[in-house]
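Trainee: Residue-level listing of the chains:
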Amino acid sequence: MIKAILIFNNHGKPRMSKFYEHYTEDTEQQIIRETFHLVSKRDENICNFLEGGLLIGGSDNKLIYRHYATLYFVFCVDSSESELGILDLIQVFVETLDKCFENVCELDLIFHVDKVHNILAEMVMGGMVLETNMSEIITQVEAQGKMEKSEAGIAGAPARAVSAVKNMNLPEMPKNINIGDISIKVPNLPSFK
Amino acid sequence: MALKIVKGSIDRMFDKNLQDLVRGIRNHKEDEAKYISTCIDEIKQELKQDNIAVKANAVCKLTYLQMLGYDVSWAAFNIVEVMSSSKFTYKRIGYLAASQCFHEGTDVIMLTTNQIRKDLSSPNQYDTGVALTGLSCFVTPDLARDLANDIMTLMSHTKPYIRKKAVLIMYKVFLKYPESLRPAFPRLKEKLEDPDPGVQSAAVNVICELARRNPKNYLSLAPLFFKLMTSSTNNWVLIKIIKLFGALTPLEPRLGKKLIEPLTNLIHSTSAMSLLYECVNTVIAVLISLSSGMPNHSASIQLCVQKLRILIEDSDQNLKYLGLLAMSKILKTHPKSVQSHKDLILQCLDDKDESIRLRALDLLYGMVSKKNLMEIVKKLMLHVDKAEGTTYRDELLTKIIDICSQSNFQYITNFEWYISILVELTRLEGTRHGHLIASQMLDVAIRVKAIRGFAVAQMATLLDNAHLLTGNTQRNGICEVLYAAAWICGEFSEHLEDPMQTLEAMLRPKVATLPGHIQAVYVQNAAKLFATVLRKHDGETESQAAQETSQLLIDRLPLFVQSANLEVQERASCILQLVKYIQKLQQKNVEVAEEVTALFAGELNPVAPKAQKKVPIPEGLDLDAWINEPPSGSESEDEKPKAVFAKEEPKHSRSRHTEVDEKELARRREVRKQEQASNPFYIKASPSSQKVYDAPGVEHIPVVQIDLSVPLKVPGMPMSDQYLKLEEERRQKEKAERKKKEKKKKREKRGKERKADSGPESEEDITPAHQVDIVTEEMPENALPSDDDDKDPNDPHKALDIDLDKPLADSDKLPVRTHRPEVLKSPAEDRDGESVPQETKKKSGKEKKKDKEKDRKRSKEEKKKKKKPKEVEEELLESQPEEAVQSEETKEAAAPPTSTSAEQEVCVLMCVCLQEVTAPSSSAAAVDTSSAAAPESEPDEPKDTEPEDTKSSKHKKKKQKKEKEEKEKKKKKRHHHHHQHHGDAGGEDSVQNGTVEEEEPLPPMSNYSLLAENSYIKMVYDIQGNHQDESKVVVSVIFENKSDSFLKAMEFNVLDSLNSKLQRPEGAGAHDSLTVPFQLPPGVSNEARFVFSVQSIVMPQKLKGTLTFIVKSDESSTHEKLDFKLHFTCTSYLITTPCYSDAYAKLLESGDLKGSSLRLEGINMPFHHLLARICFHHHFSVVERIDSCASMYSRSIQGHHVCLLVKTSDQTVSIDAKCDEPSLLGNVLDEIKQTFSKC
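Protein chains in written order, with full-length UniProt numbering: chain A, 1 to 193; chain B, 1 to 1239.
Simulated from the structure, these hints should not be mistaken for lab results. Fair warning: there could be bad hints in the mix.
Stated by the list, open to error - Lysine-lysine pairs mimicking BS3-like chemistry, simulated, CA-CA at most 25 Å apart:
hint : chain 1 : residue 1 : chain 2 : residue 2
1    : B       : Lys1042   : B       : Lys1061
2    : B       : Lys159    : A       : Lys115
3    : A       : Lys149    : B       : Lys16
4    : B       : Lys257    : B       : Lys307
Unchecked claim - Pairwise CB distance ranges, derived in the manner of DEER restraints:
hint : chain 1 : residue 1 : chain 2 : residue 2 : range
5    : A       : His22     : B       : Thr1212   : 54 to 64 Å
6    : A       : His22     : B       : Gly1083   : 51 to 61 Å
7    : B       : Gln302    : A       : Thr139    : 20 to 30 Å
8    : B       : Asn1164   : A       : His22     : 49 to 59 Å
9    : A       : Glu142    : B       : Glu1066   : 52 to 62 Å
10   : A       : His22     : B       : Leu251    : 25 to 35 Å
11   : B       : Ala1143   : A       : Thr139    : 28 to 38 Å
12   : B       : His435    : A       : Glu142    : 30 to 40 Å
13   : B       : Pro141    : A       : Glu142    : 28 to 38 Å
14   : B       : Ile310    : A       : Glu142    : 20 to 30 Å
15   : A       : Thr139    : B       : Asp1142   : 26 to 36 Å
16   : A       : His22     : B       : Asp41     : 19 to 29 Å
17   : A       : Glu142    : B       : Trp74     : 52 to 62 Å
These numbers were taken from a predicted model, which means no experiment stands behind them. Yeah, the Cβ is synthetic: ideal placement off N, Cα and C, and Gly gets one too.
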């Protein structure tokens, strides 16, 4: 089981958090903070596993994380998950984000956290891995995106126009903060599927 | 219309959307909290608007704020609103918000049941998908129960997208509603072979999660998984399956044997490291589970270790980490194979990655032997010195202690070395583990008697240098060590060279800065030292030294008497007074030493950690009983301080065997020696090297001349290293000696057998440096051996420990869709359409309660107003909720797995083999029938009985099959529908004016009456009408074999009358008998059903019949026959039918019915029993009930209405009845009369 999926940046700002067990908002923030604290002080080229034990329910749990450019992707899992499998899942997740956002950067995650949630929902459900095939995930996400657009129809047009105008005025929007070399693969870990 | 929408959206396009909110927060970095609070105010305004788009936008923003740590539970209801939007876009927003912030305590969740159900059955797969995803995050036991059936249906959906989600969510449903596991499992198993790989993977996922917690229940799936493992190419699935096998093999070693080969093949063939790693892991699990002795065992181990070595040597830190992790698993069972890679592991200790170092440390734990312990610990000590960061250093410290102390100090050959290591560890700065070191010191000093002298000397030095430990505030954790040091010095003070000096060290003013509990130990042990000093100077008249000691104490103790710590203060003042007294005696030249020493006489033995728990409670001792009458409130306060002392005392002071005489001590010593002889941990002296110590009695021997000339700290070289050197020398010497001896022996025994050469030094060859007495822990006499108290009773997975191999019983059914029956609907309304139930549904929750309360109030008012019938009727029906449920149930019951209605129509002769359902043993079957014969024999039914009865009798036909289910459901309902229940109770209370008779349980009732009986067989039967067919009734006959013989070839025949005929299969003659489709072993009973067609139902009828059968015993078989008379009462043509009060009133008003009445005298039972009886035996249902008056309704299979008005007063019951068929009514009334005349 996956207990939680956290995305935060190099400064510990949460960009997305998904807990598959219930915690109060305060505890959630505390978990994010502590996880950031644990993960951020680790060097780049050391192992991606961390016995997080104390944070979320018991010593059975592990933190498995990857660091891409400005973002940390952290999965908290129990012993029923394969460590290397989860590492690969993170890779699939990031690659999917990259495809869906077309060259994903931190800002995409900042402004479209709902979309990130929707993509994640096609991969992991209730803490269990639902789908690992990237093209299948993208197909489903896109199909839902189409539905959304068709529902918005005429009614959505003005709103879209306004938000486009708003975005135009936004100097900080350029997609300059790329999440590094997205296609890094774990060495010696041939693609999973 | 479209214009309006456009207008609405133009209005809201200037609302803040999520992007604006994020942007705003980013622009207000310095006053973020303030900005967000204004945003929340805006959101609150938006939520008040009717436009769902605005609401959805607001909820979307709230989801973002929730991530930032803001509590948004106040908007839960709005989230539900957005969830129920018809547009996918908004629905998704709503479900996302719900999944982020709903949890079991969210009360609006109960409003969502119907919405979710609707979404689940939506034609749009993404609506369903979104609902499933959301539900997976916030499913509650109630939701799980209500929706389990819907989700199960989705598991067979045509779209794999839905199927896989439905399969996956079942795990959550099982967790919340364990009853669903058994009924859903067959389908889940089916999905393991789903054509879609995603669905298959989901099913594997779920079963693996289930099996991980309760593996034994899933052993039977092993062949299926085995097939999957060899056929699947999906690495995710393979990994899950292989992990699952890892959990299963410990339970079934044969499985392991089969697994080794395919796993080995996979290890060789796969290129995916993740798969390789899991394979290795499972092979390890297999090897652990197999008892050694497999021939190719070592080959597999070698393969694993070799592969792991490759992983560990890899440059990828992740692989290195996992390699070490897996290695530690091998270590437990095959330490030898791992020990050969010691070099590699020690190398990992130098890794820059802390995780890897920690893993390597774990491995070290299992790799030590007597031979290498000192060497390894030396390495670790080096790391301790080098380590940066306290966490890792603390970890090292605990590891060192773990490694050394494991299995009762098994690997320690030289305890002096160990003590020195401990002392060195105290130099660690800022460690948290002072208490750990302290407890080790205590443990060693107490249990290893031979080391006490050395330990005491070391501790004395520690005490003397206490300022080194306490000087720095940062080192506070370490001062715990002084606790141990003081205690050891005091307790074993006889070993002290210069007790006076130690005493002085312990009473330095600086001690007062130590924590209270340590000071207390100091004070107490100062007294012990005092006693020792006195004894030392015993006999010397006018000993100056002794008097000086007393003076020292008298000078120094007042400091402690002033301590703020109560414990210290108390001890200090006690001892101070004692010393003052002693001083006086000393001045009078009285010998005091012996008496003072007696204060601390006796020996302290270690107590096993669980000893206290294992003391059996003596028979007849009730620990909860008051010894004295409980004190009144005011007294208890006075007693508090006493309690404090009583509690704290044992922590610090020793529990002494005060009055133990010499004999007893001697006896104990003897016993202990015997114990030691049989104790595997007791290291026996090897005569070759330690002849010197052959003296009897361990206590008196200084085992080794402790070389105290070894300075405590050698500059440049830690003391423990000295021991390492010494030890090596010693071993060399021993070896040489042994060789010499062996040579001698060889010379002597040459020509006889040739002994294997000693070769490399083996474990056993290493003798301990000095004889060590590891005192075993004391256990109470007759301690209870059981020890499995470590399981967490709160584990949710415990509930899922369900045997899945048993065939599905009828009780294992998911509850089908039921309505919470709080809102009264007439049947007409009910047929109205889908919308009605949803609306009523939404009214649940708080509103429901409010409704009820309103109703109750209303009914009270009503009563005052002399009970207007209609209003009260409603109220009464509310207390009969089961009926509404029932009507729904019959509609929905057509769903799988047992399609009852279909069965009813098709079956000409239906037989339910109870034997198949229950265990095959005859006794179990007998029990089953006995409970079947008394279906309502649950005496614990206070209020629910009436509705339950009507319900069950209505379902007569299914009753036998569903009996258990019904009961279970009842229980569930009682359990889950709290609201409804409260409503019930409340309603009835108001009606009953609180009379207690309601509480009386109903006597057991059965509708089965005796058909015929002889010495071989007994038949009981019951007749039920059939809704579907107005001319058919079903007779259920239970056959019970009373003999010791086997009954077979039973044939059932009835002489048809003009009116009633037994339905025979096509082609059979009118007088042919029907074969009973089962045989009866001795003592077993079983039920068969026969369908009869009837024409007129207005008159009761009797049919003659015969049962023929063959009695087969060991020797012979005889043909037997039993005649019977089937009595078709008019009651048996009635079917329990719920009736709504408005319909009932209409019916009575119509004037089509003819009346009749009946008076029953001397009825001596509570009114609700009376009603229950009528309901149960005569298939009526209660329409309403006011005090001692009730209206009841039933319907015949041919549609006659029968209405009763039952009144009771003083043992007299009058029944006014109306029916459109007077003769039927007359007969029914006669039968009612008979029922009551019987009791």
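Trainee: Can the suggested window of 54 to 64 Å be confirmed for the beta-carbon pair His22(A) and Thr1212(B)?
Mentor: For Thr1212(B) against His22(A), whose Cβ atoms are near 60 Å apart, the range 54 to 64 Å holds.
Trainee: Straight-line Cα separation of Lys1042(B) and Lys1061(B) no greater than 25 Å?
Mentor: Not satisfied, since the Cα-Cα distance of roughly 29 Å exceeds 25 Å.
Trainee: May I ask you to test the hint 51 to 61 Å on the CB atoms belonging to His22(A) and Gly1083(B)?
Mentor: Given a distance of about 53 Å, which is inside 51 to 61 Å, the answer is holds.
Trainee: Just tell me: holds or violated, for the beta carbon distance of Gln302(B) and Thr139(A) against 20 to 30 Å?
Mentor: 46 Å, violated
Trainee: Does the Cβ distance between Ala1143(B) and Thr139(A) fall inside 28 to 38 Å?
Mentor: 54 Å, violated
Trainee: Given the hint of 28 to 38 Å, check if Pro141(B) and Glu142(A) actually sit that far apart at their C-beta atoms.
Mentor: Given a distance of about 36 Å, which is inside 28 to 38 Å, the answer is holds.
Trainee: Could you check the hint for me, namely that His22(A) and Asp41(B) are 19 to 29 Å apart, CB to CB?
Mentor: 27 Å, holds
Trainee: Are the Cα atoms of Lys149(A) and Lys16(B) separated by 25 Å or less?
Mentor: Satisfied, since the Cα-Cα distance of roughly 20 Å is no more than 25 Å.
Trainee: Could you check the hint for me, namely that Glu142(A) and Glu1066(B) are 52 to 62 Å apart, CB to CB?
Mentor: Given about 60 Å between the Cβ atoms, the range holds.
Trainee: Assess, step by step, whether the Cα of Lys257(B) is no farther than 25 Å from the Cα of Lys307(B), and give holds or violated.
Mentor: 20 Å, holds
Trainee: Holds or violated: 49 to 59 Å for the Cβ distance of Asn1164(B) and His22(A)?
Mentor: The hint (49 to 59 Å, Cβ to Cβ) holds, given that Asn1164(B) and His22(A) are roughly 56 Å apart.
Trainee: Evaluate the given range 30 to 40 Å for the C-beta pair formed by His435(B) and Glu142(A).
Mentor: 60 Å, violated
Checked against the numbered hints above, the structure breaks hints 1, 7, 11, 12, 14, 15 and 17 and satisfies the rest.
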